[in-house]
Every structure is written in C-alpha cells, then in structure tokens.
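S.K.: Heads up: the protein sequence lines correspond to chains S and A, in order. My numbering numbers the first residue of the first sequence as 1 and each following residue consecutively. My numbering numbers the first residue of the second sequence as 1 and each following residue consecutively.
The set of hints was computed from the structure by calculation and includes no laboratory data. By construction, the Cβ of each residue, glycine as well, lies at the ideal position given by its N, Cα and C atoms. Take these hints with a grain of salt, some might be off.
Unchecked claim - One-sided and incomplete, this derived list gives chain A residues near chain S with beta-carbon spacing under 8 Å:
| # | residue |
| --- | --- |
| 1 | L169 |
| 2 | A170 |
| 3 | L208 |
| 4 | I212 |
| 5 | I216 |
| 6 | D217 |
| 7 | A330 |
| 8 | A360 |
Stated by the list, open to error - Covered stretches of chain S, going by a simulated chain A footprint (3 or more residues, C-beta under 8 Å):
| # | segment |
| --- | --- |
| 9 | 48 to 60 |
| 10 | 288 to 298 |
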Amino acid sequence: MFAYTVRRLLQMIPLLLAASVVIYALLALQPGDPLEELKRQNPRMTAEQFEALKRAYGLDQPLHIRYFKWLSRAVRGDLGYSRTYGIPAAEYIFVQRLPKTLILSGLALTLALVVAIPVGVFSAVRQYSLADYVITFLSFVGFSMPVFFLGILLLYLFAIWLPDHIPGFPRFPTGGVPGVLWEDVRSGAISFWYFLGQWAWHLILPVIALSSLQMAEWTRFMRASLLEVLSQDYIRTARAKGLAERVVLYKHALRNALIPIVTLVGLAIPGVLGGATITETIFSYPGMGRAIFDALVEKDYNVAMAALAFLALMTALFNLLADLAYAVVDPRIRYS
Amino acid sequence: MATQALKAKPRTFFGLFWRRLRRHKMAMAGLVVIVLLILMAIFAPWIAPYDPTAQPTGEDVGQYYFNPPSREHLLGTDDLGRDVLSRIIYGSRISLLVGFAVAFSSVILGTIMGTLAGYFSGRPLRFYLGPLRREREGFYPWSFALWRVFSWFLYYGALYMALSIAWALAKDGLQAGSLVSYLGFGLTLALVLWAAWYGLKGEIRLDLDVAISRLIDFMLTIPTLPLLLVLSALLRDPGVKVGQWAQGVFGDAASVFIIIAILVLFGWLGTARLVRGNILSLREQDYATAAQALGASDARIMFRHLVPNTLAPLIVQATLQIGGAILTEAALSFLGFGIQPPVATWGNMLTNAQEYIFTAPWLALPPGFMIFITVLAFNYLGDGLRDALDPRSRL
C-alpha cells in the first residue's frame, strides 16, 4: 500500500506538468493579450512605452520561456500578481475566494450527502412502492434540470413571485454575500447568531440549486448499490439464520453498499474546490468558479493559471485519495 | 397438436427488444416527447409564426420590445422585439443537432479508442526503430517501413525542440555565470547527446492501452468548464486559422460546429473507458480465439467480432450522452461562450435571464423548461433502453 501510494504520487508529477503545459498554452493562445486592452484604454501611448510595458510583463519572450519562468516561480510558491486587482494572485485565490467557495459548495455537498443516503436507502428498501416511484421520478427531474434554470426558477419563486402573491412571505435575497463582517462580531457590534442567520439566509437558495444535481445522482446510486447488495447470497444467509431485519439491513447490507459511495464523494471534492461557475453567476456569489471565469474574460492570466493549476493538483490528489479510501473500506481490494 | 403447442413464434432481436422497451412507460413517454421535438425541429419554418431573427423596424420600435405574452406573440417578445415562441421552436434545431452530433461522434471516437486500448492491452506495438538498429525479424510491410522513416523525423524533431528550449533557458543562466548553471548546462547537453545516440540504435515500443488510458486520465485532470471556455474563445477568434476556416465553411453556424467539436473532444472519454473494459473481457472469449485461429486479421476480430458485442451498453451511453451534450451546450451558451446570437438556442436565450426575471419573466422560463423536458426525455429513454437491453433484468 505504501509503495503503491509513493508510485502513484510520483506518477502524478509528469501528469501535472503536462496539465500545466496545456493550460498555460491555451491561456497564452487566447485571442488578444492584456497589452492590447491597455493600449485601447490609452490610445496616446507611444511605441516605446508599449515596448517597455511588454518587457515589464515579460510578453516579449517566446511562449516556452515564459512557461518555464512561470513554473520555476510557481514551484517556489510565487504565483505572480493579479493584473486586475493589484494583489498577489495567491492571496486573491486562496484567501479571498477559496473560503467562500468552500462554504457554498461544501454545504451543498454535505446537504446532498445527508439527503441522498437515507432517501436512497428508503427507496431501495421499499422497492416498487409509491414512495419509491416518487423518489425515482424526483431524482430523474433532479439530474435533468439544468442548474441555471433551477437557480433562475428558485430566484423567481422565492424572491419575486411568492412574496408578491402571499402577504407576509419573506423575500429571499437575490444573491451576493451578506454585508455583515466577522470583525463586527468580534468587537461585539452584532451578535454571532445574527451573523450566522444572515449568512444562512443568503446561502439557502444557492445551496439548494447547487446540491440538487448531486443529490439526485447519489440517491439513484445509493438505491442501485443497496439493491445490488440486497440480492447477494450472504444477505439471504443473514436472514436465514434469524437476524433481525434491522441488523441485516444496517450491519450487513448498508455497510457494503456504501463502499462505492466513498469513491463518488472523493471524486466530487475537486469539483467543490473549483466552485460552481453557473450557480455563482446566477446568485452573484464571489467564489472560485466566478473568479476563474472573470480571470479568463479579463485575461488576468496569473490568477487563471494559479486557480487552474491548483484545481488540476487537487483533482489528481483526490483521485488518488478516492482509490486509497476504496482499499481501506473494502479489504478485498489490494494494491500492489 | 402437441408439436403445435411447443412451437414458439420466432422472435427477432429487435422484436424482443421492442416488446421489453414498451413496458417501460416513462421511456415510451420520453420517446414520444423526443419524436415530437424532432418533428418540431424539422418543420420549424412551417410551425413558427414569425422569423426567429427578424427584428421590428420603422419608427418607434421600442414599443415592440419586452412585450408580455399576448395573442399575437404567444410567449411575448424579447429585448430586441423578436418573437420568443419562434425562437424556441428554431432553438430545438440547434439543441437536437448538437445533442445527436456530439453523441454520435463521441461514441464512434470512443469506440475506436476503447477498442484499440482494450484489444492491444499488454501487446506493445513497435512504435519506433532507430535507423542503425539491426532487424531481428527480416520482413515488415510497406506501411511500417514508411512509418519507420516518418518516426525518425518525429523523434529527432522533438529532440531538436527540447534542445532549443534547453539552450534558450540555459543562456539566461550562463549570462549570470554561476558554477551551478554551467553544471546544469553540461548535464542537459550530455542528456541530449545520449538521447540522440539512443535514437540511432534504440527501439521504442508503445503500449496503446497505457498511452490511451493515460491520455484519458490526463484529460480528466484538466478542469473541464474553464477549458471549454478557453477553447471556445480561442476557436471563435477570427485571427486563428481554425476560426477562419470554420467561419468560411459554416458562416453564421460556425459557433455550432465549434461547440460540437469541443464537446466531442471531452465526450469520448467515458465511452472509451466503457468499451475498453468490455473488450478486455471479450477478447478472452472462445469465439475471439476461434476467429484468430481461422486467420482473421486484428481489424476483423476487433470490429466484426468484438465491437458488435458491446453494442448494448453503447446505445444506452449514446442516449444519455445526447441529454448531457444538450445540457453542456446550454450551459456554455448561457455563459456567453457557446453559440452566438443571432442564432437562437435555448441556452443563449437565457443569457441575461437572471436580470430579466424582475421585469420580463416570460423570457426566462420557457427556454429553461424546454431544456429540462428534452433532457428528461432522453434520460428516461436511456433508462428504458438499459433495462430492455440488459439480459439479466426481467421485465
């Protein structure tokens, strides 16, 4: 197991290098470079000033040189400055954006998991009952629903239609983050519960919109997985030897049915870190997805490169972790 | 009489399959919806009450903008006074075209890659033979002889590129003149010389399975949505050769072609994995060995004997992928990186929807609803096909 882990970690190095080359090349090949935008903003710029700026940005050098310079700085932890915000790209990505994304997407992932497992189990145990049909239908709806449509629908219902038509119905916020600061809580200006309430109030709709797809997929998966286990011989044996149905279900069946879920959750975590571009766009939430999108549009390459390279690293890491976790929960799996 | 009773009506594969599929009510409902959508797409010019791109002209055009649903415009008009219902009807053409084209192409590409990876797993192909290497087996076909010469160019071309990069990087260090940089330069030079020598005498074998599987792993490592955004921005740029070519060939519909190409680029990965796994077990079957013993070529065994046996999961995969492709296209168009106006698609009709819901909700809801219904229909059909084609499921 240890040797396997080390080998996989070593295999990750060329994979990540290749991924960073591709991402860097694609960003550099983007139509228009940052300088053209500067020139448009300031048409009186002379040719010398333009050349000086080009040198300052390092854009006078060929692509591969720029890549290796970026790489040699990046491995030492220097990811450069954000052109748009004038702060280090690492600070912008990891301090300003990542925590917000972790809150939103993390909550959505947790909600999906907390709902999907019990509902999936219930649906499998009562196979072909009315409740099972309803749950199956809802999960099909869940993963056929485009997230941007669901988000717009939720906004329309809870921020506009229901408050307009039902007197006294609370009007949900249309997006953004609450204007309460953690510093105010520490200085005692507002109570902690008010702070928490404000955040919860703003996060309800985006979390629901973001979690629905995963919730539907995992419910379906949990149901199929448990049904598969319940048809195994050892379940019949457990029933035949007179164990209570509870014990059969929770001790013999569920624990085995949960094994594939571990992999699924492991593979979903990089998606959490990457944020949700579409949900964040609809609810104007300043997270990672939106940061990457804006960086691409505004050609803020240091930011885009930092975020995308980080995501590639996390995807590779969690792929490995999912494989290892699989071996931990399922003793039949041995890596050599 | 007795023999009469035993004689069962012969059933074709398709007949059996259709009988099983018909019992899945939601799948049949999905099929009906899909057929209706296809009819709507084909007969769009006759159904749509207005031209989807026609904007009102003349004086005081402002009165035609943002009209709520009325008798003349059943679903209202949009920010440029275009009829929303007509745009929805024409939008079905794009969505279905993208869905079917992406699913079809990625299933074909995925099947080829997956079959190659699975069939040649553990049987590395001779990929490169150095010019000075002595042959152990004397004869090889012309195609390989040609490839052999071509691969020298590939190998030494790559080597030349590596050398030029190393040289350009080293120059910076050499100007600084530290001992370490001289050492590093010497080491790099030695490495390149060794590689050049190895290229003359050496032989490289390529395990197609390893190469393709690693490629898939690698493409799954790259964050998908940002890459899609970058690619579509790149290809839409008229300054880029591909963009020019697409504009020239497809005109206004160039962005449709580009979206299809991008979605296929990422769409074949799942199919390839599925097919590879199936082929790995199928090639050990007796009939594959029998075909080999009868002298069938690799290509014949792969595509006449093995691939037809993976058809069932492939059909299911393709159906589900149509829905997936429609969703992804809509998401990209929603973000403004997909199919460009004036071509109407359900995705780009929603682009500014979250602002319009306050003033003109009729613009936001119908396109989203159409995407939802279409994807739901394909998902249910895929589910029904899976049940109908799976011999283990009893219906």
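S.K.: Determine for every hint whether it applies to the structure shown.
M.R.: Hints, verified against the model:
Restraint check, L169 (chain A) versus chain S: the minimum CB separation of about 6 Å is within 8 Å; hint holds. Against a cut-off of 8 Å between C-beta atoms, the interface hint on A170 (chain A) is violated, since the closest Cβ of chain S lies about 11 Å away. Because the beta carbon of L208 (chain A) sits about 18 Å from the nearest beta carbon in chain S, more than 8 Å, this interface hint is broken. At about 15 Å, the closest approach between the beta carbon of I212 (chain A) and any beta carbon in chain S exceeds 8 Å, and the interface hint on this residue is violated.
Interface restraint check for I216 (chain A): the shortest CB-CB distance to chain S comes to about 12 Å, outside 8 Å, so the restraint is violated. With 8 Å as the threshold, the beta carbon of D217 (chain A) comes within range of chain S, its nearest partner Cβ sitting at about 7 Å, so the hint holds. Proximity of A330 (chain A) to chain S holds as hinted, the smallest CB-CB distance being about 6 Å (cut-off 8 Å). Using the Cβ-Cβ criterion of 8 Å, the hint placing A360 (chain A) at the interface with chain S is not satisfied: the shortest such distance is roughly 11 Å.
Requiring three or more residues with a Cβ within less than 8 Å of a Cβ of chain A, the coverage given for the segment 48 to 60 of chain S is violated, as only 0 such residues are present. With 4 residues having a beta carbon nearer than 8 Å to a beta carbon of chain A, the segment 288 to 298 of chain S meets the requirement of three or more and the stated coverage holds.
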